[in-house]
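Participant: Chains as they are written, first to last, in this note's numbering: chain A, 1 to 132; chain B, 1 to 275; chain C, 1 to 155; chain D, 1 to 661.
Just so you know, the hints here were simulated from the structure itself, not pulled from any lab data.
Be aware that a few hints might be false.
[As the list claims (entries may be wrong)] Using 30 Å as the maximum straight-line C-alpha spacing, the simulated DSSO-like pairs for lysine-lysine come out as follows: (1) B:Lys181 x D:Lys378; (2) D:Lys378 x A:Lys7; (3) B:Lys155 x B:Lys181.
[To be verified] Derived Cβ-Cβ restraints for the label pairs, each shown as a range: (4) B:Ser37 x A:Lys64: 42 to 50 Å; (5) D:Cys191 x C:Ser94: 42 to 50 Å; (6) B:Lys12 x C:Ser94: 25 to 33 Å; (7) B:Ile54 x C:Phe102: 41 to 49 Å; (8) A:Glu113 x B:Val133: 36 to 44 Å; (9) C:Ser94 x A:Glu59: 44 to 52 Å; (10) D:Glu465 x B:Glu131: 45 to 53 Å; (11) B:Val133 x A:Glu59: 50 to 58 Å; (12) B:Glu238 x D:Arg294: 41 to 49 Å; (13) B:Glu104 x C:Met57: 49 to 57 Å; (14) B:Glu110 x C:Asp145: 15 to 23 Å; (15) C:Ser118 x B:Glu67: 34 to 42 Å; (16) D:Glu441 x B:Asp236: 48 to 56 Å; (17) A:Glu113 x B:Glu67: 36 to 44 Å.
[Said to hold, decoys possible] The following residues of chain C were derived to be distant from chain D, with all beta-carbon distances above 12 Å: (18) Glu13; (19) Phe19; (20) Arg36; (21) Val45; (22) Phe102; (23) Gly104; (24) Glu106; (25) Pro107; (26) Ala136; (27) Gly138; (28) Lys142.
Each residue gets a CB set at the ideal place from its N, CA and C atoms; glycine is no exception.
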Amino acid sequence: MTTETGKSRLIEDMKMHSGQDPNGCYQCGKCSAACPVSAALDLKPHQVLRYLQMGLENELAESKTPWVCASCFTCAARCPRDIDLARVMEGLRLSILRNRGGNKFGPAELTPEQLEKLPQQALVSGFRKYNK
Amino acid sequence: MRYRYFPGCTLKGQAKSMEDTTLAAAKAMGIELEELSEWQCCGAVYPLYEDELISLLSPVRTLAAAEGEPLVSLCAACHHVLKRAQELMQRNEDARKKVTDHLEVEYAGEGRVLHFLEVLRDDLGFDKLKEMVKKPLEGKKVAAYYGCLLLRPSKVMQFDDPENPTIMEDMIRALGAEVVKSPYRTECCGAYLSVTEEGVAADTVQRILDSARRAGAEILVTACPLCRYNLENCADNEGKTPIKVYYFSEILAEAMGLPSESAQDRGTKEEVPQG
Amino acid sequence: MSAALNETAGGWEPLIVSFCCNWCSYAGGDLAGTSRMSYPVNVKVIRVPCSGRMNPMFVLRAFQRGADGVLVAGCHPGDCHYTSGNYQSRRRLSAFKRLVEFAGFEPERFEVRWISSSEGDKFAEEMTSITEKIKALGPNRKMRDARWQSVTSKV
Amino acid sequence: MPRTGVFICHCGTNIAGTVDIDKTVEASRNFPGVVHADEYRYLCSEMGQDIITKAIKENDLDRVVVGTCSPRMHENTFRKAAAEAGLNPYLLEVANIREHCSWVHKDMEEATPKAIALLRAAAAKAALNEALEAPRLDVEKRALVIGGGIAGIQAALDIAEAGYEVDIVEKDPSIGGRMAQLEKTFPTLDCSACILTPKMVEAAQHPNINLLTYSEVDEVKGFVGQFDVKIRQKARYVDPVKCTGCGICWEKCPSKAPSEFEMGLSKRKSIYVPFAQAVPMVPVIDRDSCLYFRKGRCQICEKECPPQAIDYEQQDEIIERRYGAIVVATGFDQLDPTIYGEYGYGQHPDILTGLEFERIFNASGPTGGKVVKLSDGKPPKKVVFIQCIGSRDKARGMNYCSKICCMYTAKQAILLKEKVPDAKSYVFYIDVRTGGKGYEEFQRRAAEEHDVAYMRGQVGKIFPEDDHLVVRGIDSLTNRNIEIKADMVVLAAATVARGDAPELGRLVGINSDSYHFFNEAHPKLKPVETHTAGIFIAGACQAPKDIPETVSQASAAAVKAIGLLSKEKLQGEACTAEVIQSDCSGCLNCEAICPYTAITPVEIEERYKDGVLKRTVAEVNPALCQGCGSCAVTCRSGSINLKGFSNDQIMAEVDAICLQR
């Protein structure tokens with residue numbers, strides 16, 4: 001059972017840097033309905049906001065969701081509460097990388113074939129999103 | 001019509017044909033694209049984290065290098081980053097000061113930042129384009145695939161209606177082809193997930209391709225090298241009607257009667273500039 | 001001369017004149033009373049129909065006559081009983097505040113606040129806060145007509 | 001020098017506990033002009049008031065100062081007492097030594113000098129008070145109701161029943177409004193037309209009600225009791241006296257246009273009545289689609305009309321009339337959901353709004369009451385309802401809740417099940433809001449007895465695929481993505497203010513909120529009044545509302561109007577602004593600043609050298625002026641003063657307060 005939690009450093013960092021306030025969310029789920037990768041998320045976007053509202057830092061840090069989000073901005077475009085979820089996800093990624101350390105992805109993980117064929121754009125953006 | 005032109009890394013590598021065909025078509029249309037000298041990477045992704053100013057150095061340097069002249073790019077990702085960096089420079093004085101002080105440049109968000117499609121629509125006009133077509137793409141069923149980066153966030157990109165865009169369809173129509181619309185034309189292809197979460201990207205791409213097929217498309221056009229990579233490499237198309245993926249500029253060049261071989265056909269042997 | 005600076009035997013106490021609009025802030029003051037809140041006795045309220053009625057001349061007159069601080073209070077923007085009076089006063093008095101500062105007054109001596117009829121607590125807080133600020137600043141000597149007190153007090 | 005009397009109230013111990021009454025009375029005797037000072041335990045009591053009236057008479061007082069509670073409490077009580085003694089009530093001033101003194105201070109040493117200062121200020125002001133008269137205004141015993149929907153009809157009937165004349169101005173060719181478009185009403189499921197039509201007929205036949213349909217308000221001037229209104233009665237091209245409503249003209253008319261009443265789902269003729277039960281049953285010709293007006297040929301209606309009522313030469317007519325009170329009841333519009341591209345509204349005939357679906361149910365609607373898809377005429381087997389389309393949406397829509405959608409969606413789902421028993425419906429909702437008598441029970445019936453699947457969540461995308469619509473949503477209770485292959489989608493589009501509401505608000509002189517809904521004077525205690533005296537609001541033009549609430553509000557507005565009309569004379573504001581015209585330079589800054597349009601330019605003649613000089617100056621209409629005083633401040637030449645709060649009076653108070661030792 002979860003009881004009240006104190007202020008979470010990770011969540012406060014996320015709020016400050018993304019400029020987004022999770023409390024604006026009323027859990028309509030439109031983000032999750034619109035998200036093209038919703039099916040692959042262990043926490044749907046609206047759940048991420050709910051977990052942020054409840055201060056469930058550990059669950060968020062362990063979730064796959066921020067790493068599966070591709071920053072396509074569909075959620076932000078359709079949110080009736082004007083919350084930029086793409087920024088929330090980015091904020092979470094960076095807060096997790098900064099507060100908990102570790103890079104999520106590096107060149108070593110790529111096959112020579114991928115290195116050959118992938119557009120430069122994909123490599124640079126992948127490294128940017130997953131490393132700090 | 002004269003523009004400063006920012007190619008970006010990918011256009012000198014895997015997406016060389018997008019640059020070649022655009023430059024050829026532009027020349028034929030009397031549009032002059034003057035490549036910025038000593039340009040560097042656009043930054044690839046726009047930093048959504050407000051204190052990530054370091055990621056803005058590169059796009060702002062590019063914006064400042066345009067010296068207030070209209071700046072055109074072709075790659076959807078480059079255009080996205082440049083346009084959003086420009087908007088931040090206009091909106092956030094603090095960020096502007098930090099970035100420009102560091103770069104030792106003067107830049108306050110001036111100048112038009114355009115995607116080449118916008119040049120065709122707003123400056124040349126699709127009616128004019130239609131007149132310039134030498135080999136109309138008659139009988140070809142072409143679907144546009146917009147993806148994310150050109151459309152969203154619409155308040156900043158101001159590219160087209162983010163849910164019902166028409167710019168690519170209008171171009172396709174001007175080139176004489178038959179427009180086919182698929183409901184997934186504005187959905188994400190999975191972007192760099194093809195690197196980290198292949199399964200997820202496979203799903204998103206499959207949906208996009210299947211929906212285009214269902215709509216009867218033979219050709220899918222895009223303005224993004226990464227979209228094209230994903231559309232061509234991530235889905236399982238065994239036993240299904242083939243769909244060719246082209247850059248918008250390739251069908252443009254073809255309709256203009258210019259050589260338009262795709263990067264895929266000629267390999268990727270070009271030198272990649274460091275950036 | 002000491003009388004002119006409101007210095008009583010117990011030491012100097014500031015005089016603050018507050019102009020309150022009838023519909024919101026004066027009623028807020030009433031509520032502060034009904035709720036038995038307390039604020040310093042230094043503040044004396046003059047009722048005006050609307051903050052839009054505030055002629056900057058009234059403020060200067062108060063300083064001239066020995067006030068150490070002036071607080072104008074009106075309805076919150078959008079809540080004006082007369083629709084737009086507080087918008088008028090907001091524009092007028094913010095320009096006037098710059099003028100007062102230009103004339104050499106400390107900016108704390110003249111303030112404008114929006115206090116609704118339900119904000120008895122805010123009324124008391126604002127009155128306390130301005131009194132404390134003026135106490136810290138000391139007596140106002142700008143624009144004061146020192147003769148006036150001694151002449152009129154004889155009447 | 002005035003003869004002022006000062007009276008100090010103990011208010012039991014409320015004042016006397018903190019303020020030294022004796023000291024205060026003594027100090028008061030020394031104020032300039034004070035000839036009498038007294039105190040009493042409770043001045044507001046009858047005994048207390050007697051003390052004041054007696055003292056006025058005995059001491060020949062011409063000014064009175066009462067040191068007591070807030071003037072917002074008892075100023076009127078004491079003014080009446082003064083008037084009883086023959087003193088003009090505006091010669092009395094109140095010093096608030098309770099709320100602003102004894103109740104907020106604890107130390108008698110501190111509170112007593114403050115009470116004295118406040119009394120001194122009141123006495124200084126009173127010395128400059130003048131006798132004022134509140135203007136007495138005439139009342140025109142007739143009301144205008146703008147809008148002929150259920151709110152306007154109800155308000156008009158109530159006013160008419162009270163014995164006053166009422167004109168209803170309706171911009172459409174028939175009264176009835178939105179309610180006439182509805183099939184059945186929640187939560188009782190009685191047929192909307194069956195309960196509305198009798199009211200429409202009653203309004204049309206009432207001797208005190210005059211219907212002005214196909215008419216609009218062009219201009220409103222004047223003020224409470226005397227609004228001068230210009231009404232444009234648009235040309236119908238049909239003589240309403242000759243017309244019998246036989247219907248031959250619209251039967252024979254060869255040209256068509258989309259029907260407004262049917263939300264554009266079907267066509268009507270160019271000469272038409274909007275619906276079968278229209279009141280009055282007199283058609284209008286729509287110039288934009290009529291062949292004769294477009295091409296100068298046809299005239300079939302003229303040839304066919306048995307009583308020869310067609311008149312192509314008819315012109316708009318301007319009616320000028322005076323009204324004592326106005327009720328604004330102009331209703332609402334439905335948000336156009338095309339702004340939500342992801343829902344595909346407007347791109348597929350089976351994606352409808354709530355109001356459009358309402359017409360599909362109706363026996364006289366576009367499908368003749370058969371619930372079928374507009375795409376292929378087959379009954380829909382799977383219908384998805386989506387709530388909050390544009391409501392509760394601060395990004396692209398309206399930040400408020402539209403209030404009626406949860407209920408009408410439940411109603412439509414139930415009606416669907418009745419008409420198409422094997423249909424399945426799904427409702428995507430954020431919260432279900434069912435405040436209202438019998439509402440919760442009704443909604444639960446839909447979910448429990450009529451097989452309506454409520455899905456807590458929203459829809460991200462709708463698009464056609466093969467012969468159905470793919471609806472991709474989420475159920476946020478299981479966190480599962482849902483894909484429904486639906487036959488029809490109904491969007492509960494937000495209730496929004498009429499597009500012309502801002503213009504009408506400006507015309508009538510009432511203000512609106514940021515959504516263009518008209519503002520009530522007080523959200524709790526004056527829900528049907530506006531900030532403009534004599535103008536009342538009813539129905540959904542104020543905020544989204546259901547029918548019962550609209551009808552209650554309409555009756556409330558009617559009562560307010562009746563109360564006003566029943567008065568012989570109205571008492572205006574006494575403390576009004578006044579222009580010293582000899583000083584006025586005629587810049588008219590005051591005219592621009594006045595929120596009540598009470599200031600107008602007038603031409604005056606002044607002697608100048610040997611001749612007469614004509615010049616323009618400002619003039620205040622005391623009947624319109626509410627006494628805010630903004631004009632007095634804006635006047636560059638200082639030639640406007642506010643009676644009761646003049647520059648001199650306020651500065652006398654400042655002086656008296658500053659003289660504090």
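Participant: Any hints this thing doesn't respect? Which numbers, in order?
Facilitator: 2, 5, 6, 10, 12, 14, 15, 18, 19, 20, 21
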